[in-house]
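*Asks:* Sequences listed follow chains A and B, in order. Per this note's numbering, the first sequence starts with residue 2, numbered consecutively. Per this note's numbering, the second sequence starts with residue 33, numbered consecutively.
Hints in this document: simulated from the structure, not taken from any laboratory. Take the hints with a grain of salt, since some may be wrong.
As the list claims (entries may be wrong) - Listed next, with one range per pair, are the computed distances between beta-carbon atoms:
(1) A/His13 x B/Glu273: 34 to 42 angstroms
(2) B/His240 x A/Met40: 35 to 43 angstroms
(3) A/His13 x B/Ala135: 55 to 63 angstroms
(4) A/Pro161 x B/Leu275: 53 to 61 angstroms
(5) B/Ile169 x A/Gln63: 42 to 50 angstroms
(6) A/Met40 x B/Asp306: 30 to 38 angstroms
(7) A/Gln63 x B/Lys213: 57 to 65 angstroms
(8) B/Ala135 x A/Gln63: 34 to 42 angstroms
(9) A/Met40 x B/Glu195: 16 to 24 angstroms
Being a predicted model, the structure only gives us computed values, none of them experimental. By construction, the Cβ of each residue, glycine as well, lies at the ideal position given by its N, Cα and C atoms.
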Amino acid sequence: MPTPIYAFGIAHLPMLGWLAAAAAPILIHLWSRRKYREMSWAAMEYLLVAVKRQTRRIRFEQWLLLAVRTLLVVLLVLAVAEPYWERAGFALTSAGRTHRVLVVDASYSMAYKPADKNRFDRAKQLARQIVEQSRQGDAFTLVLMARPPCVVVGTPSMEPGEVLEEIDNLKRTDTTIDLPATVSMIRQLVQNARRENPRLTQHEVYFLTDLGRVGWVPELTGAAAADFQRRSRELAESAALIVIDLGQPAAENLAITRLRSLEPVATPAQSVDLETTLKNFGGQARSNQPVELLIDGRRVEQKLVELPAGGEVSVDFSYRFETPGNHAVEVRADGDALEVDNHRWLVVPLRQSIRVLCVDGRPSGEPFRGATDYLVCALSPQGDRAEQPTVRVEVAGESVLLERDLGDYQCVFLCEVAQFTSSEARILDAYLRGGGNLVFFLGEGVLAERYNSELVGQPGRPGQGGLHLLPARLGKIAPKGTYFINPLEYRHPIVRAFRGGVEAGLSSTPITRYFKLNLPKDSGAKVALALTNGDPLIVEEPIHAGRVVLVATSADTSWTPMPVGPGFVPLVQELLAWCTGGRYKQRNVEVGQPLRASVSTPATDVPVSLQTPDGGSRELQLHGDGDYATLDYADTAASGIYRARFSPPIDRTLLFAVNVDTAESDLTQLSVDRLRNEVWPGVDFLYQTTWQKLQEQPAGQAIAQPGRLHVDLLYIVLGLLFLETFLAWRFGH
Amino acid sequence: MENSRKYLDPKILVRLEGLQLRARLIVEGYVSGVHRSPFHGFSIEFAEHREYAPGDDLRYLDWKVFGRTDKYYLKQFEEETNLTCYLLLDTSQSMRYRSDAAAMSKLEYAQCAAAALAYLILHQQDSVGLVTFDKEIRSLVRAGSNPSHMEQLVHVMEESVPERKTATGPIFHELAERLKKRGLVVVLSDLFDDVDSMMAGLKHFRHHRQEVILMHVLDPAELDFPFQQATLFQGLEQLPEVLAEPRALRKAYLEEFGAYVRRLKKGCRMHQIDYVQMRTDQSLEVALSSYLASRR
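Bound-form chain B, shown alone (with noise of 0.2 angstroms):
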């Protein structure tokens, strides 16, 4: 366990060849000494009754064997997986960014992220889609549960070129239109979007009873702003050229940087939205186990 978790960091990783290689090598990292699917099926069959104990979720209590026996039965179910899940990977231009502590650019690590998400929904036996988008839907791979599908996955992903804008609240919209049928949905993207556009999108996902995550990926230069010389910051997605003290400006990028955060928090909460940040130079073990621990 210990070997297969010094793989887990960024560095290392980025060392590996192929993304597959790298999340077969993240997720065997994570499951190895779990038992449990961190993610849930709806449509399960029923094992057995068990008698109500206080702190258990009453959503499963069945109502019909109370109205008989005047006793609380929970149901049980045979966890049989048949999740369907969509990973949302950004592409865009500025997903490219990869500032010098960072071993992987953003994209790179959301590329790590989605292969091990993916792998590991495929190791449960459930079905995991694919979709990439800049302005526009750049390609699509639709669920599937055969351990084949990840071939396909990872292909997609790899042939991914970063080049264009962002522009997440239309794409939202139409996915949403699209991926109707109840699942989750797991978008990798550093989100730099206008908010408000972005939440309803997302929430167009919550109406169609799709369960969200968000994974906002960010380089640690975007967090820290650590520079300290004077800088021509170009601007990635046709943005214009700037030249800043950054030492003077530090202050309030972060103040700027730090409330565009706490609106998209703020928006996730609202919509019941999972909100993981993830620092690229951030181990992906601890990226991943802490949320998917925090799910079980």
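So that you can see chain A by itself, here it is in the shape it has in the complex (with noise of 0.2 angstroms):
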């Protein structure tokens, strides 16, 4: 139970410069002392016993009356200059306006809702009551704290009905908390405050949150962390830190961790594993907890599990799609105080085949002489036997990419094209623009200097036609040897399927040449596999709204033996899979992150209709860029499905599935010690848990109660007004 701290202020305090009238009493004595009148007194001697009987009683009386009347003078001034005291407030001995920052919490877990309101609900209820008990004079700042951050009332307002206004139009989001942003962005604002309105002397900042551990203690290190502690003690020591503790200590909480499709791609040709992961971040076991798959809104299948106290279970569902398009699946685990994290969604676009290109940069008419007869193998291995084949592979020379719609493969394998024209380079950069996927292969007949010239740049500095096509810059061609694979640990998802299995011969398939490849400084690129001696051998990077894979080199045999080794086709599928992940992934997104779309159009200004999952409604514009527009949406705080629906000519319709960060499903709270002594070390601040007491008492009395002390002092000055006059009558003065 946390003391209550009492405060003491002034709100006016140059009024005080009046407590120097306290003195006029005492001077008006003195003065009338010195001001009498002369008169000669025949009866002397009754006043001379008179006196004498009478001078310490007169001296008591007129000590008592100065007394009275310098403390009617002081009483006065200060109910004048509306002394105040607060509750929760820190010894604030400064007076005049006050700035108070309200920072209301805003991640999802605020929705939990133990009783008839949510954690929010009560964060903007206590946020009503602080600017309503305020006084007259004092501003407001609001701040939501999400991730990221957001000023909803940024300069100091000193109109208490439009604070009001916006705190009741506050909506919390589906995100969690980014302390460090929020403090940074406080700071900003106090020293703004400071600045430009400096009657505002004094400065207190309210966090209204339920102090989740997850948000609260911030993954920082280095510079980082060193970089937060000293903005928050900045922040300290401008304005009082008052922490406000909303949350509750044992709170019971179920979440949907995870919901995935096991497969790259889906086609009507096979069923869809779902795996989905549920977790008990309670101390109750659940037995018989449903879980329901929903498909495009339609329940259809639940199951019911066992959910150990603070385990997780996973549970799969398989579901065949049948019509292409885009497809929502929901899957819900009803039955706790929290509801945002009880479900989760997942957009699946299924196509009828994935369509790859495979140009063949040195084209031979005898079997497995091209340089892309093996991967056309490794990516269809069926081939022309199966009826619904899942991948359509088709066969060019070098001049379809002049030639034909690229927008029409969802990936084009380059393999041994020896140079690049600077308008086939064109070409391939609107083809990733619209969210195409480029494989390249190298071999013997590749003029690494034209590659670096036409495809190759760096951020802020690209190649000669100002494109950037290529994760890596092509050196020399490696000394004949044998070269052997380091997998790196199997930690990038190309590869992340041959963990464990030795058998696929990954590692121990030897490289006898490739291109040595040079990463350029501060690039996104990735090395996927390397080689033992260090050489990256695959290096992705995703470029635009598409993904490239450079592989150093070959597809066929003249360069690797790998193309007939068991890892080929595994490895080869796993690219693919990866590449067309891509936008698999950008329908996918976590609370927050922008909904990113590119479609192939030469139009541009095609009006987009997004339906939110709160069901509003925004009015988009697409942005034209040569072949293909996108559409870019950031304001994503609310999880659920987002519905894009473009206008014709596009005339299409594209899901988004926003799901949470289940980070903050974990209501552990924490501690104040451990926010003294972990997040805040060296931080002053207040914290008040005033659960409790709000359920119990008229709520925010907790909070701030401004006392009405002026208005005591005023009763009490006419009190002594009576008091003054009444004595004046007894005493005869």
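Both chains are sitting in their own frames, so use the hints and assemble them into the complex.
*Replies:* Set out below in structure tokens:
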């Protein structure tokens, strides 16, 4: 039980200057003693006796009256200066107007609803009461603590009505919180207020939060951690920090932490395996917990699971989609006080098949003599024998780049293409902007200089054509030898499937020749596979809306026997899955991440109507970029399915699934000791737990009770006036 | 009568020049319509007998006639004036005091009263003398009944200068020894002196069978102490000065003063001395007539 802190302050400090007027009764007394009339007096004998008898009494009466009159002036001045006391404020000895920064935690854990109101509604109610119980002339700033934090009222507002309206309009997000960014933002707001409004002499920051451990313990190290500590201390030095904890220590919660499709690409030819994970963050086991699967809003399956306390279970569903297009998959597990994380969504774009174009830079009439023959087999092992092939592969020569619309293909493999002209490079660039994917295999015929000059650039310094299409520059061809693969602990998704599969032979397959690849500094490229000598073998980089993979060796057996080894088919399949999964991934994002999609259209200014999960609708505009137009929408604070309807001539609907970061589902509270010792060491702040108090008494009283001392003082002044009149009459002064 | 009465107001009297004129106005205002003297003689000739009636003064019962006739007869006398009255006028410094509320100083008021009494006594053919004093006897005018004697009395009164302290006790003792002829002694003073000493002196007069009337002349301010603002009171008769807040002191002063007056009255009662308090803002007619009427 925290000890309430009582603070005393003066609303109008300059008025205290009038305390000098308290000297007036004393001065008048002294002056009156100097100002007297002179008179001859006959009955002096009796007067002298009276004086002698009354001297002590008269002196006492004079001091008493003087004290009453002086006190009267002092109290009157104090009353006009409007002194106040507050519980929960810091000992703010300075007075004047107060700038109150109300920081409302809008993370989704604030949706926890143990009673009739959830935490967020309580926070809003408290914020309202802080505003309503403040003095006239106080100013308010309103900040929504989310990821990213959002300033609702930035310039200190002295209009309580407007601030109350903004508080009423606050909406909770489905994000977590970003404490470092919030602290930086508040610090900047306070600094601005101090600079631009010097009349605000006092600053207070109220954090209305559930103090969730996940959000309040930022994972920072090194310079970032030091910077956060420094900014926090600076904030505490410039403003009083008050943390009002609205959380509950033992909050039960169940969350769906994962939902994914095990198939990289869904086609009508096969069922899609869906894997979902339920986690129990509470201390009570759940028996027969229902888990429902909904496809496009229709419940198709339900399973009952046993969920131990603090444990998690994996639940698998399988579903065969029939109609091409985007499908919204939802898994639901109701039954606790935090509803937000009881759902998880997945958008599954269903294609009839995946179309892949293989560009052969060294075509040959003989089987398996060309640059792409092994690759085609690896991409579609069943070949033409399959009735509904998942992958449809087309092989063409170099000229195809200028002849065909690459937008029809989900992925283009470029094998030992000697060089690219500028126009071909521009086509590839446009293809990437439209969400296409490129995989480069090299070989003897590749002209490294042409690759480097046309396709390689650096951030801010693209290639000659101004383009950046390759994740790495091509160096010299390594001397002929036997090089083995370093799988880099199978960390990269492309090779993750090989983990534990020694028989796949990935690490035992030699590479005889390869191009040395040089990754530009500060590029976003990653090495998926390397050689034991440290040289990169497979490098990938998301470029524009697509993905690019550069393989340093050939796709045939001229530089490596890998195409005939057991690992080649899975490696190529994983390459294709990773590339095409990029689009898949773009449709399934976390709260706060932008929605992005590229569509192939020469038309610009195509209107898009975006339907948000809360039922709202936004009218957006596509950004035209050559043959492609891009949809970009950043306000994804709410979780659920977003539907983007493109008007003609595109006339399509794209679905996006936005899910919460379930780290926030852990409702464990941060203790005040940990907050003081680990998060904010050396930062002075006041901690309040008001939940129980708020249930017992009118809310807000526990936070701030500006005492109306001036009214009491005026009553005392009135009483002293009567007393002075009575005493003056009684004493004859 | 009404016209003359209006001149008895001190505010009017003070405008009149000449004490004799003031005295005449006062007395004429009083005696008009009054036919009997308030002062009775002692050595007067027998006139006739009258049968006693209940309520008559037994002093005048003729015991010889009673012895002879066994009947009660009262002796009746001709009112032949041979009264001797001495007016003792205090001319000490304290008598000089006059507050804003009073038209006359205490001395002026006492002079008017003394002159009026002298005029009245002379008017009824009696003798009147005058003594002015402070700590010493300043002048003594032997009693006379000649109407021209008035001028001498008035002259002495007007010549008196109040500038010394009072010492009534020794003065009264001295006068009691010097004025042994039985008669009437009228003291006009503010009596700001030691009460016991003063009473001892007055007792001395009574010892010589003198009838004593004490006319205590006081300023209204001395009785009411009405001052509001801080005042530096400068004592007359060589008393120290004192700076005081009158409103705070009023009650204590009035208590002290009241105690002093009560002691004075008590002393007068004990020694069968008539005590008459005169406020200088009070009409002389009221002051004199109320007392003289009571003597009749």
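*Asks:* So, for every hint listed, does it hold in this structure?
*Replies:* Tested hints:
no.	hint	result
1	A/His13 x B/Glu273: 34 to 42 angstroms	violated, 50 angstroms
2	B/His240 x A/Met40: 35 to 43 angstroms	holds, 41 angstroms
3	A/His13 x B/Ala135: 55 to 63 angstroms	holds, 59 angstroms
4	A/Pro161 x B/Leu275: 53 to 61 angstroms	holds, 60 angstroms
5	B/Ile169 x A/Gln63: 42 to 50 angstroms	holds, 47 angstroms
6	A/Met40 x B/Asp306: 30 to 38 angstroms	holds, 32 angstroms
7	A/Gln63 x B/Lys213: 57 to 65 angstroms	holds, 58 angstroms
8	B/Ala135 x A/Gln63: 34 to 42 angstroms	holds, 36 angstroms
9	A/Met40 x B/Glu195: 16 to 24 angstroms	holds, 18 angstroms
Hint compliance for this structure: hint 1 alone is broken.
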